[in-house]
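Asks: These are the residues of each chain, in order.
There are 2 protein chains.
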Amino acid sequence: MSEPIPDLPTDITPQSRDFARWYVDVVRRAELADYSPVKGCMVIRPYGYAMWELIQQGLDRRFKATGHVNAYFPLFIPESLLMKEAEHVEGFAPQVAWVTHGGTEKLEERLVVRPTSETIIGTMYAKWVQSWRDLPILINQWANVVRWEKVTRLFLRTTEFLWQEGHTAHETAEEAEEETLRMLGVYKDFAENDLAMPVIDGLKTESEKFAGALRTYSIEALMRDGRALQAGTSHNLGQNFAKVFDIKFQARDKSVQYVYGTSWGVSTRLIGGVIMTHGDDGGLILPPRIAPHQVVIVPIPRGNWRETVLPKAQAIRDELVARGVRVLIDDRDTQTPGWKFNEWELRGVPLRMEIGPRDLEKAQVVLARRDTREKSAAPMDGIGAHVDERLTEIQRALYDRALKFREEHTSSADSYAEFKDIMEGRPGFVIAPWCGSAACEAAVKAETQATIRNIPFSSPPAGGKACLTCGRPAASHAWFAKAY
Amino acid sequence: MSEPIPDLPTDITPQSRDFARWYVDVVRRAELADYSPVKGCMVIRPYGYAMWELIQQGLDRRFKATGHVNAYFPLFIPESLLMKEAEHVEGFAPQVAWVTHGGTEKLEERLVVRPTSETIIGTMYAKWVQSWRDLPILINQWANVVRWEKVTRLFLRTTEFLWQEGHTAHETAEEAEEETLRMLGVYKDFAENDLAMPVIDGLKTESEKFAGALRTYSIEALMRDGRALQAGTSHNLGQNFAKVFDIKFQARDKSVQYVYGTSWGVSTRLIGGVIMTHGDDGGLILPPRIAPHQVVIVPIPRGNWRETVLPKAQAIRDELVARGVRVLIDDRDTQTPGWKFNEWELRGVPLRMEIGPRDLEKAQVVLARRDTREKSAAPMDGIGAHVDERLTEIQRALYDRALKFREEHTSSADSYAEFKDIMEGRPGFVIAPWCGSAACEAAVKAETQATIRNIPFSSPPAGGKACLTCGRPAASHAWFAKAY
Chain G
2 MSEPIPDLPT DITPQSRDFA RWYVDVVRRA ELADYSPVKG CMVIRPYGYA MWELIQQGLD
62 RRFKATGHVN AYFPLFIPES LLMKEAEHVE GFAPQVAWVT HGGTEKLEER LVVRPTSETI
122 IGTMYAKWVQ SWRDLPILIN QWANVVRWEK VTRLFLRTTE FLWQEGHTAH ETAEEAEEET
182 LRMLGVYKDF AENDLAMPVI DGLKTESEKF AGALRTYSIE ALMRDGRALQ AGTSHNLGQN
242 FAKVFDIKFQ ARDKSVQYVY GTSWGVSTRL IGGVIMTHGD DGGLILPPRI APHQVVIVPI
302 PRGNWRETVL PKAQAIRDEL VARGVRVLID DRDTQTPGWK FNEWELRGVP LRMEIGPRDL
362 EKAQVVLARR DTREKSAAPM DGIGAHVDER LTEIQRALYD RALKFREEHT SSADSYAEFK
422 DIMEGRPGFV IAPWCGSAAC EAAVKAETQA TIRNIPFSSP PAGGKACLTC GRPAASHAWF
482 AKAY
Chain Z
2 MSEPIPDLPT DITPQSRDFA RWYVDVVRRA ELADYSPVKG CMVIRPYGYA MWELIQQGLD
62 RRFKATGHVN AYFPLFIPES LLMKEAEHVE GFAPQVAWVT HGGTEKLEER LVVRPTSETI
122 IGTMYAKWVQ SWRDLPILIN QWANVVRWEK VTRLFLRTTE FLWQEGHTAH ETAEEAEEET
182 LRMLGVYKDF AENDLAMPVI DGLKTESEKF AGALRTYSIE ALMRDGRALQ AGTSHNLGQN
242 FAKVFDIKFQ ARDKSVQYVY GTSWGVSTRL IGGVIMTHGD DGGLILPPRI APHQVVIVPI
302 PRGNWRETVL PKAQAIRDEL VARGVRVLID DRDTQTPGWK FNEWELRGVP LRMEIGPRDL
362 EKAQVVLARR DTREKSAAPM DGIGAHVDER LTEIQRALYD RALKFREEHT SSADSYAEFK
422 DIMEGRPGFV IAPWCGSAAC EAAVKAETQA TIRNIPFSSP PAGGKACLTC GRPAASHAWF
482 AKAY
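Top to bottom, those sequences are chains G and Z. Position in the first sequence (from 1) plus 1 gives the number in the working numbering. Position in the second sequence (from 1) plus 1 gives the number in the working numbering.
Just so you know, the hints here were simulated from the structure itself, not pulled from any lab data. Please note that the accuracy of each hint is not assured.
All copies of an identical chain are treated as equivalent in the list; a pair is satisfied when it fits inside any one copy or across any two copies.
As the list claims (entries may be wrong) - Straight line, CA to CA, 27 angstroms or less: simulated DSS-like cross-link-like pairs of lysine-lysine:
| hint | residue 1 | residue 2 |
| --- | --- | --- |
| 1 | 107 | 85 |
| 2 | 40 | 128 |
| 3 | 128 | 151 |
| 4 | 40 | 107 |
| 5 | 421 | 128 |
| 6 | 405 | 151 |
| 7 | 341 | 313 |
Use the sequences and the hints to build the structure in full.
Replies: See the structure below:
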């Protein structure tokens, strides 16, 4: 039996009125992050950081299962090192922070605060690699990076952000390509299974690839305002950095070869993705796998509840914790149950459990799902298994709902007129034939704001179709969307 | 039955010949860390970083069990913020890195790269705290910090280092003092139980306290060269930062009060402490609790070992992993068993397991302890429990040995002549009566290089004794040592 919970008033702007405003309201009211006195830099508050810790755990486990180890490289990069790879400089030099003084002295050579670590890590790999026996090197780093941004948004684009960056070195081009795609697969698996965020994977265009890479692949998610979010990238660096940083090894045939490199990263931006994939006008909705509290128990304070209801709530908490569920009892007596219901809804807790004196009599609890807002009773006996099941259900339901939303906001266009209609109407992903030229890509962007998100690995053959803009024969299909 | 393993030659300088050289040799040969192209900054290599991950886990678990949560604050601090607290400025301004340009533009206000985060965190607490209901705030941050150092040493003193910094705010002075001592206790517990590193705890003198604190407490360990290492500090900040950053709250009696603050931190320096507490001329010796590999299995490659020995080794590995033991099978066929024995000894693996065809016949394995270098056979049946027991034994033995070493290098001195004799002879901790004046403290340092490490919480009463240097009545005893 279930009954809907009435909407409670919140001070959050409705999504339909102003999505960007809704986003900021949710981030701040749910205490995920806050503005800091440093322009463009945010503070990740404990609730938001707890999500990041769960994201780290989910990814780190997968990195280690695929043979990677963690290490740590310096925050600072000497100017001369950053300047070695031509494309890389062009991409990053305009957006780095410069350290010019250490203590009371002016530095002989300026340092940049790392915007990414290919150059400093490449320098070390050149020292460490001598023989094919030293390969592959499969290293990941959890770190902060800084990119000087003009316009910033909490989690989505900040001057400093937290991320992981994998950097690997291989004997052959084939191995490097395999690794690049393997890690893209890890990202997709994590996004879909842990964040309940469906993504499309594919190849970035030349103009959108990483500065210095041979090829960049990405995963792209669709936010509830119909805009795409690049959620992770994996780069095949080829021998570009190896040649510049002199990362050579003696091959099995005794010849001297340059290694083949990859790098790949995701960042705290994923938290923004989760918020905009699942949230509603009531606030945050968290997939159980990354919810800091999967269940919040609200005891109903009637009669001598501290002697009767509370101990039972604690016993249930202990039972759930023993099963590995993350549970919080909210027994503050400064707040009413109604206030608490609203608060934990706003903060996206997947499952709320209410226990009052009457529930105690019936040996039951009341469960309220955040995603559907359905309330139902469940017997105390066997509550652990019941909660596990509900959480699995919610995780799946959130993914299904997000996938349905994406499907409803995905279309194909064979003519430019059709394409523009879609982009002006209800935005989303549009798959369309493309000749492969940067000029056409730029023209679409200038006219519609939509960019090519990536080129799908498999799509209807483009043979015989004409490019969306120029009409020449299409080389492939491409995913277009307005993006964050 | 057990037999000693003969010493194998290594390219590590003996401790007795040059301890500082031995230290660097171990760090580099064991691949814990490496020098980087950035002056004073090191690279923490995977094996060293795996130790740091285990240290983080051990501490983070304890922080959470004592009610703390993690968060993340900006890397950059505006110059004006750093300059607000007078003592703090004086302590830190001479040793910070300055960011003067962002992208292509000169900044209006310079930023420092955080040397510690009291100022930026204090600013945020001022926004977040309104009422006594918002207290206590119990936040910890895992982060990198930068202090411009003239002389650096791998792990012990580097320009950039990794650490955790706890920052808390409380209603009363009593609560802040309790918290300060609680976290010192957490550090002591962690150092002694996980790092097997005995420490003495106590109060820092005025001249050695944290810049801006009311009182600083520390834990101090003794390295095998007889020098002390400050391994962790916990500061009672009183209302100093609260007054400067305006962190006020409405108290229970409706009056407006400033919060009472604490901060506390330990860093990657702990890894240096572990190396110098336990290592010997064969290299590193790791306590099992922070050993990346607690057991390394070396299959002896005779006959068709890949079909016979290796599967058995894998089965034992799986059994141990299921019990939560960190195990590696070294089945490289590019190296001999002798080379592997030497290598894993050098890298400090607590327990080596050898399995050859003859062991297979006897249904046994050979175990070699790194700490005692004893070899013994153990039946394969029940090997999991046997290994668990050995690891527990090694953990305890390392602590006991370190404690014995400290006791043998601890003395008391009632006269300055006696004190100087000890400091010129075999160094270590010396407890001596002290009048409490900074002048006497400075005089001892100038003449003997020894500094006051801390003032013990309980020591023989100093009443009636005379200060080591000036002869005036002693206020207390103090721990002296030459320190890192």
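Asks: Determine for every hint whether it applies to the structure shown.
Replies: Tested hints:
{"no.": "1", "hint": "107 - 85", "in the structure": "both (23 angstroms within a copy, 24 angstroms between copies)"}
{"no.": "2", "hint": "40 - 128", "in the structure": "between (38 angstroms within a copy, 17 angstroms between copies)"}
{"no.": "3", "hint": "128 - 151", "in the structure": "between (37 angstroms within a copy, 25 angstroms between copies)"}
{"no.": "4", "hint": "40 - 107", "in the structure": "both (24 angstroms within a copy, 14 angstroms between copies)"}
{"no.": "5", "hint": "421 - 128", "in the structure": "neither (53 angstroms within a copy, 46 angstroms between copies)"}
{"no.": "6", "hint": "405 - 151", "in the structure": "neither (35 angstroms within a copy, 59 angstroms between copies)"}
{"no.": "7", "hint": "341 - 313", "in the structure": "within (19 angstroms within a copy, 56 angstroms between copies)"}
In summary, the structure is inconsistent with hints 5 and 6 from the numbered list given earlier, while agreeing with the others.
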